[in-house]
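Novice: Using the hints, position chain V against chain A.
From first to last, the protein sequence lines stand for chains A and V. Okay, so the first sequence: first residue is 1 according to the numbering used here, each after it adds one. Okay, so the second sequence: first residue is 1 according to the numbering used here, each after it adds one.
Honestly, I wouldn't trust all of these hints.
Unchecked claim - List time: in silico DSS-like cross-link candidates among lysine-lysine, alpha-carbon distance up to 27 angstroms:
#1 A:K394 / A:K334
#2 A:K240 / V:K246
#3 V:K240 / A:K246
#4 V:K240 / A:K240
Unchecked claim - Residues of chain V placed beyond 10 angstroms of chain A at every Cβ, according to the derived structure:
#5 E349
#6 L382
#7 A417
Stated by the list, open to error - Here chain A is said to cover these stretches of chain V; the calculated rule only asks that three of the stretch's residues, wherever they fall, bring their Cβ under 8 angstroms from a Cβ of chain A:
#8 42-50
#9 185-197
#10 200-214
#11 231-242
If you are wondering where the hints come from, they were derived from the structure by calculation, not from laboratory data. No residue lacks a Cβ here, since even glycine has one placed at the ideal position from N, Cα and C.
Number of protein chains: 2
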Amino acid sequence: MSETRALASYIVESDYDRLPSDVVAEARRAIVNYVGCALGGCREPAVDIALDAFAPFFGQATAGVLGREERMDPLHAALMNGISSHVHDYDDTTPGNYSHPTSPVASALFAYASANRVSGRDFMHAFILGFEAESRVANAVYPAHYDVGWHMTGTAGVFGAATAIGHLVGLDVQQMVWALGLAATQAAGLREMFGSMGKAFHPGRSAQNGYGAALLAAKGFTAGERGIEGPRGFAAVTAKTYDLTKITQGLGIDFDLRVNTYKPFPCGIVNHPTIDGCIQLHEAHQLATGSVRSVRLRVAPLVLDLCNQQNITVGLQGKFSVYHGAAVGLVCGKAGLGEYSDETVNDPEVKRVREGTTAVGDANLSEDQAHVEVELADGRSLSIFVAESLGNLKRPMSNAQLDVKFRDQAATVLPSAAVDRLLEQCWSIDMLDNVGEIVMGLEVI
Amino acid sequence: MSETRALASYIVESDYDRLPSDVVAEARRAIVNYVGCALGGCREPAVDIALDAFAPFFGQATAGVLGREERMDPLHAALMNGISSHVHDYDDTTPGNYSHPTSPVASALFAYASANRVSGRDFMHAFILGFEAESRVANAVYPAHYDVGWHMTGTAGVFGAATAIGHLVGLDVQQMVWALGLAATQAAGLREMFGSMGKAFHPGRSAQNGYGAALLAAKGFTAGERGIEGPRGFAAVTAKTYDLTKITQGLGIDFDLRVNTYKPFPCGIVNHPTIDGCIQLHEAHQLATGSVRSVRLRVAPLVLDLCNQQNITVGLQGKFSVYHGAAVGLVCGKAGLGEYSDETVNDPEVKRVREGTTAVGDANLSEDQAHVEVELADGRSLSIFVAESLGNLKRPMSNAQLDVKFRDQAATVLPSAAVDRLLEQCWSIDMLDNVGEIVMGLEVI
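Okay, chain A solo, but in the shape it has when bound (with noise of 0.2 angstroms):
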C-alpha cells in the first residue's frame, strides 16, 4: 500500500480509545501552550493587518479567532489563528524535524470548532492525529528539505490541517487520500521569509490551505493518489533525500506528541541555550547595569545561520539575533515577550551589550548547548557551559511552567477570573461538550 494512503486509512480508522494516555496528556500540554500563544499575540501587527487586507472578504460571521472580537467565516479564522500563534515563534517545536506543529493544527480545528459544535474528544482525536500526521510527514523529509529552505511549518502543516479537518468531517479513506494530495499540492513556505511577517503567515496559510483541501476532497474533487510518495509528489520535489518509513512505521504505537517540546523564549530555539545560560550568570552573579563589557558566545554552526543578525532596530529582528539574547539575558535576567519588544530592541544598555557580543560556531556543541563567556567591567570573567537547555526533551518545561507562560501571555487580553477559567478548560479540554465556547465565550479586555 502507498504510503499516502497507508497513512489515510489509519487516519480514518483511528480509535480514540486506543490512543495511549502519554500521549492524551501531552496533547493537552500542547493545546494550552498553544492557546497561550494565541492569546500572545493576537494583537500583533501582523494580526491586525491580515485582518484588516481580509476583513471585505469575510465569510458569514460564523467563527472567531482566539482574543479577537472580529467575526468571520472559519476558513480566514484559521488564517488569523495561524498568525496569532506563531507571530511571537514562542509556539512548541519539535527538534527531531525543526517545525512547529501545533500551530497549522489546531489553527484550523479552533476556528472549525468555534463554528461547529465539537466535543472536546473528537477535537482531540483530531487534534493528535492531525499532528501526527504532519509530523511523519516533516519526519520522512527531514533535513534535506529544511536544509535547502523550507519553512516545516507551511509545508508540513498543511498536512496536519487536512488531516485534522478531515478527520472531523469524516472523510472517508479515499476522499483522505485526495486531502492529503491536495495539501502536498499546497506545500509553501520559505526560510527566506524569517525576521518578517511572512513567517507568522505560513502556519496560518497552511491551517486555511489544509482546512480547504479537507472540504475539497468531502465533496469529492480529486487528487493524485500518490502526493506524498510519488514521482513528482510532495518528498521527491521538495527533498534530495527522504525516507517514506518514517510515515508508516510505528503507526499507531509511536507519537511524535512525545518528542514534542515548548519554549521557554519567545525566539528561535537555537538561541535558548544562550539566553538560558545568560540568564543563570545574571541571577547568580546579580549583574547591574554597566557591569557587563562584552560577551563571547560559542554555539552550534546552525545558530548562526538562523540568528545572526546583530544591528538590528525592531523587535522581530531580535528573534532571529542571538546577540540580542545574550544581552536580554544578561542585562534584564529573563526572556519573555517584553524583551522582544521594538523598546527593548533599541534600550541603549541592550543595545551595548548586544553590539559587544561576538559568536563562533563550533561543530563540537549541539543545537541545545552554549557556552558564554563574559568580560565584566570591572575585570572579572565569568562563564557558564549549558549542557542542556531548559524546554528541550531532557528538560521539558513542567505543567506549572506553562501555567506561567499560558497566564502571561493571556493577561494581555483577558481579565485575571477568565484566564484562570480559560486555563482550566485548556487542561480538561477533552471533557468539553462544546470546544467552540473557548473562542467564542472569551470576553477580551
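Specialist: Frame of chain A; chain V shown alone:
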C-alpha cells in the same frame, strides 16, 4: 539591486503607452483564448465541486465567475476562474518554460474587475505585467524546477497574479517587493496531480493566493526582501540550477507574450504533433471505422514521460494519453472537447485503436515533432512526419482559428448572439470602460 526589487520597480514604474503594440495585440489574443477556455470549462465537475465546497465560506457577493451565475467574493471568484480556464488543458502555453501563463493572471484580474470598476486599459496593463513577471520567474528556474516535478502554472502563477493585482491596487515599490515575497512563499503545485482535478486547482489557487499577497502587501504585511533570489528564496529552494539574469535582462524590451502559444487541442501540448499528424492522415485518406489495424508512434521522450497512459476509462485521463490523441485523430478526424469526454474515451472503436497503438521515444525528435505510421486493415500502410505542430511558434493559430476555438467553447454556455458580442468585447478589451461587464453582464443558457 536585487532581482525582486528590480522586478518590483519595473512593475510599479511601467508606462502603458510605452508597451510595444505587438505585445498589446498578443495580449488581446491571450485574453480571447482565455475567456473561451474559461467558458468551455466553467461547467465541469471540478468547478461545480469547488463551488459547492466553498459556498458556505463565500464573502459578500460582489464578484462573479466567467460563465457562472453564482456570486461571491473576488478571492473565491479568482479560484473558480482558474479552475474553469485550465480544467480542459486547453489554455495557452509558453513553450520556453512549460507554463500556462494566462490563467493565474487573468483569473485574478477578471475576479477583481467583476467587483471593482477597472478600465480596459488598466486591465490590459496589469495583465501584460503579470504575464511578464510570472514568465520571467518561470524562465529563471526552468528547466530544473519543472524537471524535479513542479507544475510551473501553480508555482510561477502566483507571482503573476500578485503582480497584476498589485499593479491595479497601486502598490509602491516596497509593497510590490513584499507582494512578490508573499507570492514566493505561497508558490506550490506538484505535477503528481496531473490526471486529477488537482491540476486545474493550481492556477486557481495561485490566482487566489497571488491576489491575497497583493492585498496583504497593500496594508503593510511584510515579507522577506529577497523572496526570489535570496539564499532561501524561491529560486534556490525550488531549482537545483537557475539563472536570475532571466528575471531582469531586457525588462521593458523583451516580452514573453511574443513567445506564447495557443492550443488547437484540449490536452497536454506534447501530444499535439501526434494528433495533428493523425488528423491529417484521417483527412487525406478518409479513414472509415474499422480501417485502422495498428499505429506506431515515434515521439520526443518527454511525451512518454508525461502522457504514457493507455489503459484509461475517463475523459480526463485522455488528456495525458498520447495513444488516445492518436486514436481520436485517426477515428474522429478531430480533437475538440468532445473527444476528451468519458463517452469518447470509452467508445469501442476509439478504445480499439488506442490499444492498438505503440509509442517509442526518439531523442532526435523535438517536442513539436512526431512520426506516425498506420497499418490499415486492408494491408496498406500510411505514414506522416509532423515537423512543426499547429499552434506552435512557427505555425501559430491565426486570429480566425482562435475565433473558431472561442465560439466552440463559448457556445456551451451562451446563446449565439451573446457569443458574438463577447468575442467582440474580448478583441477590443483595452477600449472597454468597465471590464467587469464581461463577467457580470453575461446571460448564460
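Novice: Quick check: which numbered hints come out false for this structure?
Specialist: Violated hints: none; all satisfied.
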